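If you want the building blocks of each chain, they are given just below.
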Amino acid sequence: MTDQKEMEESQHHIVSPVVYIIIGGALLVLTGVTVGASYLELKIFNPIVAIAIACIKAVLVVLFFMHVKYSSKLTKLTVFCGLFTFFALIGMTLSDYFTRAWGRW
Amino acid sequence: MSDSTAIAHAAPDDPHAGGHEAHPAYLRHHFENVEQQADAAGFAMWLFLLTEVMFFGGLFTAYLIYRNWYYPAFVAGSHQLNIFWGTLNTAVLITSSFTMAMGVWCAETRKKSGLVLCLVLTFILGLGFLGIKTVEYKEKIEKHHVPGFHYSLNSFLNPDSDAEAKAAGDKPLAPDMAEHTEVYFSLYFAMTGMHALHMIIGIAILGYMIFRARAGAYTSGHVTFVENFGLYWHFVDIIWIFLFPLLYLISRHPN
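Those sequence lines, one after another, are chains F and B. Quick note: the first sequence uses our numbering, first residue 1, plus one each step. Quick note: the second sequence uses our numbering, first residue 1, plus one each step.
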């Protein structure tokens, strides 16, 4: 029985419910914070704060709910490469569109 | 060949008789061991999710580009959304992600009734999300804010006649800019609609999983299906985590 348990532990990290409760609570609190911040007059920082909080929430979900923190290097690399490609594509597209009118007025 | 020898040598009533050569029924023959099989399934699931990231990424990019071009129209369109329903839906979806994560834990620790309970809760919360979305869609339909032949510019040309626009202090838009609110609502329905479709597919799979879980399918050591469905469900949650601020929140203080 202990053999079997040890084998399972080495293959597969089981994330404890305490972690899930903390992360779930943090996500709900951050939701409240982002809604509260949207009612404040922060000028240009309104969208920046909202997107920053959304990114923090997404990272919490990916690392803990989706177990990437406890996953194999292959999984970590896969997630990183995918997001890197995504940001390269969206970054190049947006920098093109947002700068087309520069110098034309 | 070595695989079949390993099975033949293991006593059928004791799966661990062969030590490390033991072969659980759910281990496919083209994998070396359970760990490799689970890694391959998880890797494939992540590759699928990355294609989904690219798909939704296209919608997000379109939204950002058009918001940059038709900024006043997007601000006025965003003021039509109800922050209360949006916040409630975010809380419902995050809670459903939490119950799904607990479901994965129950499967890993072989708690059958706990797993069924978590899956049922996730199922109900998913339906709750869609119910709230229906309330919001209904309001858009009633106010003729669905893009198409019956689209009405009234809320944007005469903001004082519209409760939401008046509350947000909207000024009347020029007619050509007001027409671009239709672009906002096209993207609103495309993004929340694709998200809702993912929810509907997820809820259907959850229904199937509840039946299988009641039969004990996921609580005998083989948790790959529950785990990878969890990845899908959390991914859908992440999409909403970004949709909520982009559609509802960031246009509240346009100046």
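Read the hints as simulated data drawn from the structure, not as lab findings. Remember, it's a predicted structure, so these values are computed and weren't measured experimentally. Hints may be right or wrong, so weigh each one.
[Stated by the list, open to error] No more than 30 Å apart at the CA atoms, straight line, and that leaves these computed lysine-lysine pairs for DSS-like:
# : chain 1 : residue 1 : chain 2 : residue 2
1 : B       : Lys171    : B       : Lys133
2 : B       : Lys171    : F       : Lys43
3 : F       : Lys69     : B       : Lys143
4 : B       : Lys166    : F       : Lys43
5 : B       : Lys171    : B       : Lys138
6 : B       : Lys111    : F       : Lys69
7 : B       : Lys143    : B       : Lys133
8 : F       : Lys76     : B       : Lys111
Against the structure, the hints:
no.: 1; hint: B:Lys171 <-> B:Lys133; verdict: holds (28 Å)
no.: 2; hint: B:Lys171 <-> F:Lys43; verdict: holds (19 Å)
no.: 3; hint: F:Lys69 <-> B:Lys143; verdict: violated (46 Å)
no.: 4; hint: B:Lys166 <-> F:Lys43; verdict: holds (21 Å)
no.: 5; hint: B:Lys171 <-> B:Lys138; verdict: holds (25 Å)
no.: 6; hint: B:Lys111 <-> F:Lys69; verdict: holds (24 Å)
no.: 7; hint: B:Lys143 <-> B:Lys133; verdict: holds (16 Å)
no.: 8; hint: F:Lys76 <-> B:Lys111; verdict: holds (29 Å)
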